[in-house]
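Protein chains: 4
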Amino acid sequence: MIKKINNIAVLTSGGDAPGMNAAIRAVVRACSYYNLDCTGIYRGYQGLIEGDFEKLDARSVRNVINKGGTFLKSTRSIEFKTKEGRAKAYENLKKAGVDALIVIGGDGTFTGGLLFNQEFGFPVVGIPATIDNDINGTDYTIGYDTALNTVVEAIDKIRDTASSHNRLFLIEVMGRDAGDIALNSGIGAGAEEILIPEEDGGVELMMESLEKSKKSGKTSSIIVVAEGEKSGKTIFELAEHIGEKYEEYDIRVSVLGHIQRGGSPSCFDRVLASKLGVGAVEALTDGKSNIMIGVHHQKVVHVSLEKALKEGRKLDKELRRVANITSV
Amino acid sequence: MIKKINNIAVLTSGGDAPGMNAAIRAVVRACSYYNLDCTGIYRGYQGLIEGDFEKLDARSVRNVINKGGTFLKSTRSIEFKTKEGRAKAYENLKKAGVDALIVIGGDGTFTGGLLFNQEFGFPVVGIPATIDNDINGTDYTIGYDTALNTVVEAIDKIRDTASSHNRLFLIEVMGRDAGDIALNSGIGAGAEEILIPEEDGGVELMMESLEKSKKSGKTSSIIVVAEGEKSGKTIFELAEHIGEKYEEYDIRVSVLGHIQRGGSPSCFDRVLASKLGVGAVEALTDGKSNIMIGVHHQKVVHVSLEKALKEGRKLDKELRRVANITSV
Amino acid sequence: MIKKINNIAVLTSGGDAPGMNAAIRAVVRACSYYNLDCTGIYRGYQGLIEGDFEKLDARSVRNVINKGGTFLKSTRSIEFKTKEGRAKAYENLKKAGVDALIVIGGDGTFTGGLLFNQEFGFPVVGIPATIDNDINGTDYTIGYDTALNTVVEAIDKIRDTASSHNRLFLIEVMGRDAGDIALNSGIGAGAEEILIPEEDGGVELMMESLEKSKKSGKTSSIIVVAEGEKSGKTIFELAEHIGEKYEEYDIRVSVLGHIQRGGSPSCFDRVLASKLGVGAVEALTDGKSNIMIGVHHQKVVHVSLEKALKEGRKLDKELRRVANITSV
Amino acid sequence: MIKKINNIAVLTSGGDAPGMNAAIRAVVRACSYYNLDCTGIYRGYQGLIEGDFEKLDARSVRNVINKGGTFLKSTRSIEFKTKEGRAKAYENLKKAGVDALIVIGGDGTFTGGLLFNQEFGFPVVGIPATIDNDINGTDYTIGYDTALNTVVEAIDKIRDTASSHNRLFLIEVMGRDAGDIALNSGIGAGAEEILIPEEDGGVELMMESLEKSKKSGKTSSIIVVAEGEKSGKTIFELAEHIGEKYEEYDIRVSVLGHIQRGGSPSCFDRVLASKLGVGAVEALTDGKSNIMIGVHHQKVVHVSLEKALKEGRKLDKELRRVANITSV
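These protein sequences, in sequence, are chains W, X, C and D.
Counting in UniProt numbering, the first sequence runs from 1 upward without gaps.
Counting in UniProt numbering, the second sequence runs from 1 upward without gaps.
Counting in UniProt numbering, the third sequence runs from 1 upward without gaps.
Counting in UniProt numbering, the fourth sequence runs from 1 upward without gaps.
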């Protein structure tokens with residue numbers, strides 16, 4: 001028999017992403033709508049272990065929908081990786097009368113939540129929020145769309161300078177395993193080349209393309225490089241590599257870095273976060289557990305946490321083709 | 001037998017939308033990639049009639065992907081609504097050696113293109129670009145995502161003032177027949193109420209909700225109103241209507257207006273425009289005609305222009321529900 | 001003998017302006033730096049009358065420097081215009097042990113502060129914060145620079161549309177008595193004409209200029225109109241007036257409205273607010289009162305409240321000349 | 001006897017800065033206003049040597065006021081540092097019938113212009129445009145205000161992440177010799193510490209301040225570091241230095257880099273550029289030469305190029321004090 005849910009706790013964990021606040025707000029508001037208590041947990045799983053809890057009501061989340069970051073804060077907890085840590089967390093939840101837990105974050109967050117559910121049978125639902133868009137079973141993760149806009153706005157600025165000076169810019173964007181940010185922002189920013197983790201031989205293709213560009217008289221270029229690009233070279237080594245072969249290029253490197261995680265969320269991310277937050281609360285009141293609330297074909301879907309954590313996301317080959325064609 | 005396509009013309013027509021330049025660029029680049037000629041037509045169907053043509057190559061579209069508006073300009077042509085006008089247009093295309101036409105715009109644009117195709121058998125492909133997202137058969141139109149971001153950014157600014165002064169703001173956003181902008185931006189901006197053309201009785205519901213808010217002590221509110229809202233009242237009359245009943249409210253009206261059509265396109269719109277522009281050229285070289293290139297479930301799809309022009313888009317009821325829940 | 005200042009109260013009043021939060025923060029931090037107590041007063045003079053006070057310390061103002069609006073909120077108080085109201089306010093300050101009052105706002109705010117000082121001898125210092133830049137004795141008011149950026153960004157968006165369609169846009173910006181916003185944003189946005197309250201005959205000059213533009217074949221135009229423009233016509237009547245004479249123009253009106261008061265403050269406004277906030281606390285601890293802290297030639301200056309309230313700000317004729325020259 | 005000026009050439013040189021296009025536009029429009037010819041020179045002094053000239057009229061500079069970079073492009077010319085190079089440049093100007101030259105840029109640009117004037121007696125006027133604000137005799141250089149806004153917006157985004165994770169961020173901003181960007185953006189972004197080239201011992205002060213912060217329980221911090229900070233350590237070495245002493249800090253480094261040079265100019269920079277561009281043309285028609293057109297106390301001023309190039313700009317000590325007080 002399924003226990004009735006009266007009190008739902010919510011936390012954010014792992015790297016922060018724009019729209020996390022909008023997701024928390026939707027969870028809190030949905031609890032309020034369904035007359036459930038809502039317990040906010042500060043600092044992710046670490047706060048769960050330390051009992052850093054606060055009751056949240058509809059008014060607690062006023063004016064947060066447009067704020068970057070997460071007001072519940074986020075940490076990476078080493079203690080939660082131990083059995084003892086998780087046991088403490090469980091005791092705290094019981095003591096506080098919490099019946100279910102919503103965890104907002106990426107794969108590390110879901111791994112923790114899944115383990116916790118398996119050990120204690122505690123109802124857990126995940127909401128995917130990471131700028132990397134690297135979660136299986138959801139078309140989009142919260143924060144990804146905003147990060148893309150941040151990246152193209154930054155590259156637009158760099159292009160002003162690149163065009164003024166006929167320069168070649170290597171721009172590093174986030175994405176350790178997934179090239180989604182690089183590929184989409186590369187198309188969006190009109191990059192001449194895009195290097196992504198999912199492809200081998202990118203550097204050779206880039207060198208060939210620079211050869212062609214040189215012949216056609218093109219002198220300024222933007223090359224977008226995902227963090228996890230496959231060559232084994234740092235972006236500074238890549239710049240040197242090009243410089244050795246093409247002395248005529250005035251090459252610059254820009255690592256966009258942490259600005260990509262911040263900023264006021266886009267409308268897309270705010271609406272997505274609102275849908276998933278409401279969906280998470282409704283899944284729990286429907287007796288569901290151990291799932292991620294995702295979006296597929298614009299509909300809210302339920303995906304088992306195991307499946308969400310599986311690798312196997314594929315590169316969108318059509319998009320790669322579009323990138324190649326529009327950069328001629 | 002299908003005539004081989006060697007020269008593709010492209011025009012923008014109707015209300016402009018951010019991302020039109022990105023779509024033109026993708027058409028031009030795809031022509032270049034497939035070694036086709038590309039002919040730009042200025043000022044939409046009027047320029048077609050007047051022969052205002054220019055050859056475009058890959059370099060013609062440098063640094064336009066991030067620009068709002070359309071560098072090919074757009075007009076509403078009365079002459080193209082006459083048989084004589086369209087005949088002149090056809091002659092001009094023949095004279096210029098153009099084999100097919102890509103029209104970028106909304107329903108008016110597609111209606112013209114369809115008629116032209118039917119009369120002269122001239123291959124026409126449409127690309128949906130309008131901030132209203134009111135075209136059948138495509139999940140998104142170019143410019144819609146950018147407009148949503150423009151609207152939520154504007155409302156974020158107004159909320160600063162609303163919160164500082166405990167005021168009630170009525171904010172009019174675009175959308176004559178479709179409530180998509182109002183509903184999504186309303187959720188994204190955290191509006192307390194949303195009035196849309198697809199629903200009757202919105203004003204009564206709003207008044208009830210204000211009654212509740214008043215009782216709960218809430219004093220500042222944002223109400224998003226779509227242009228085509230059903231009450232028959234202007235937004236200024238709505239403000240008066242509220243003011244008569246609730247003297248205690250300090251009510252202000254803001255009509256967002258034309259800023260919603262402009263601005264640098266979002267990454268989403270730039271990528272969408274790139275996909276659709278490439279898809280349009282490839283459809284023509286595949287012998288397709290009389291279709292719109294849309295996007296459905298993140299894939300490029302072909303939709304007959306007749307179907308694209310059909311009414312019957314439905315309100316996303318799930319989204320309406322999310323709006324109601326997150327505004328408690 | 002001057003009483004030593006141990007406890008300073010701060011309030012915001014009148015129309016809100018971006019950077020008010022940064023000014024409050026600077027006041028609070030300066031109090032903390034000099035080991036003074038700081039008392040925040042909510043809702044301006046009305047909160048003063050109702051005793052809506054809260055102790056503020058350095059941590060109370062974390063993460064507010066970048067927020068628009070004012071977290072202390074602002075109202076226009078009718079009660080403070082009565083002797084009884086002001087007497088209540090005085091009693092509340094005495095009861096709370098407050099020794100001096102910093103008022104952040106525009107001329108209405110300073111008028112209230114001056115009267116209060118005259119009646120009760122209570123030390124009052126003003127900080128000019130209004131988007132209109134219409135205070136005598138300071139080169140800039142807090143919020144003005146941000147409003148200019150908001151206006152030019154909005155007009156940039158509208159110009160996308162104007163250029164795409166060859167349209168004439170009349171754009172109304174704030175400024176009832178002062179043309180500073182219209183003149184500066186008009187130059188900054190590349191407007192063809194600018195109508196301001198300080199000049200007569202603007203409409204006639206505009207009509208002449210449109211005549212010239214028409215002859216030179218110019219078809220899209222931006223005309224910036226200050227709210228308080230002198231013709232006695234509303235902006236919609238102006239549009240009609242033009243339309244009657246020039247049928248060939250496709251004329252649109254845009255009233256920018258309340259977005260001009262909101263938004264994250266520019267760096268200029270944040271730094272200005274920081275300087276003035278610190279300056280206000282230091283003026284009080286130096287025994288000064290009845291003054292406004294302004295900025296002149298990039299230095300912090302003290303101006304008597306009487307002088308700050310005097311009219312007599314002049315139009316910058318050089319700037320008007322630059323506007324005329326750069327719009328040829 | 002002074003030769004009448006009929007044809008003025010304009011170029012941009014050195015690092016690009018937002019607002020250069022607005023300055024070019026004002027030069028071109030002022031030439032048009034005074035019925036002078038205007039010759040645009042591409043790629044700075046290198047284009048002068050290569051004769052890369054184009055006639056510009058009022059319409060050539062439509063829709064450029066809001067664009068970053070410089071449409072005339074900019075290079076650093078080694079050839080212009082040789083007598084032969086400059087001689088070629090002089091011949092080209094004579095051949096093209098140019099009577100005077102306006103150079104837009106920073107100190108390198110002015111050094112070139114001064115030398116050219118001294119050797120050939122050719123009238124040269126400079127317009128200060130560099131994001132570093134490091135030119136003597138003008139309160140502001142074009143591009144500086146925009147760069148400050150770009151930096152604070154970037155740091156606002158990083159603070160979202162810093163606050164969410166309780167992290168310490170070291171953020172490198174531009175400024176090799178001048179701390180103006182670091183000091184102003186540091187105040188504007190609410191940085192806890194600011195390291196600038198004009199001060200010794202900044203690192204020690206920073207370490208002391210971190211000690212204090214640690215004791216007071218403060219866990220997230222933003223430290224803004226100017227490129228040319230005095231310690232001789234790179235920002236990565238600084239991070240290590242802190243990490244060795246304070247293991248408890250989760251330290252991250254962000255080098256903002258080239259985004260600081262791009263972007264649409266702020267209203268302040270557009271108006272400044274308009275004033276200086278008009279002033280430069282009027283100075284030449286008044287028979288002036290060998291000067292920079294600057295702004296001092298909001299008025300256009302003439303400064304000899306020698307004086308503009310002199311070092312001796314001082315740190316604004318008042319501003320440093322404000323930084324110390326508002327970061328308590």
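What the hints contain is simulated information worked out from the structure, not anything from laboratory work.
There may be inaccurate statements among the hints.
Listed below are the simulated BS3-like cross-link pairs for lysine-lysine, each with C-alpha atoms no more than 27 Å apart in a straight line [as the list claims (entries may be wrong)]: (1) X/K299 - X/K230; (2) C/K212 - D/K310; (3) W/K55 - X/K3; (4) C/K317 - D/K218; (5) D/K310 - C/K215; (6) C/K55 - D/K307; (7) C/K299 - D/K288; (8) C/K299 - D/K55.
In silico negatives: residues of chain W with every beta carbon more than 12 Å from chain D [as the list claims (entries may be wrong)]: (9) G15; (10) D16; (11) Y34; (12) F71; (13) S74; (14) T75; (15) R76; (16) A96; (17) E153; (18) I155; (19) G217; (20) R252; (21) I259; (22) N290; (23) K307; (24) V328.
In this text, a Cβ means the ideal position worked out from N, Cα and C, and glycines have one as well.
Consistency of the hints with the structure:
1. X/K299 - X/K230: Answer violated: X/K299 to X/K230 is near 34 Å, above 27 Å.
2. C/K212 - D/K310: 46 Å, violated
3. W/K55 - X/K3: 70 Å, violated
4. C/K317 - D/K218: 50 Å, violated
5. D/K310 - C/K215: It is violated: about 49 Å lies between the C-alpha atoms, which goes past 27 Å.
6. C/K55 - D/K307: It is violated: about 51 Å lies between the C-alpha atoms, which goes past 27 Å.
7. C/K299 - D/K288: 31 Å, violated
8. C/K299 - D/K55: 43 Å, violated
9. G15: The claim breaks: W/G15 does not keep its Cβ more than 12 Å from every Cβ of chain D (closest is about 8 Å).
10. D16: W/D16 not clear of chain D: closest Cβ-Cβ about 4 Å, inside 12 Å.
11. Y34: 28 Å, holds
12. F71: For W/F71, whose nearest Cβ neighbour in chain D is about 8 Å away, the distance does not exceed 12 Å, so it is violated.
13. S74: Non-interface label fails for W/S74: nearest chain D Cβ at 5 Å, not farther than 12 Å.
14. T75: Violated, because the least Cβ-Cβ distance between W/T75 and chain D comes to about 7 Å, which does not exceed 12 Å.
15. R76: Label violated. Min Cβ-Cβ 9 Å, cutoff 12 Å.
16. A96: 23 Å, holds
17. E153: 8 Å, violated
18. I155: 9 Å, violated
19. G217: Given that every Cβ of chain D is farther than 12 Å from that of W/G217, nearest at about 14 Å, it holds.
20. R252: Since the minimum Cβ distance to chain D is about 6 Å, W/R252 lies within 12 Å and the statement is violated.
21. I259: 5 Å, violated
22. N290: 27 Å, holds
23. K307: 28 Å, holds
24. V328: 23 Å, holds
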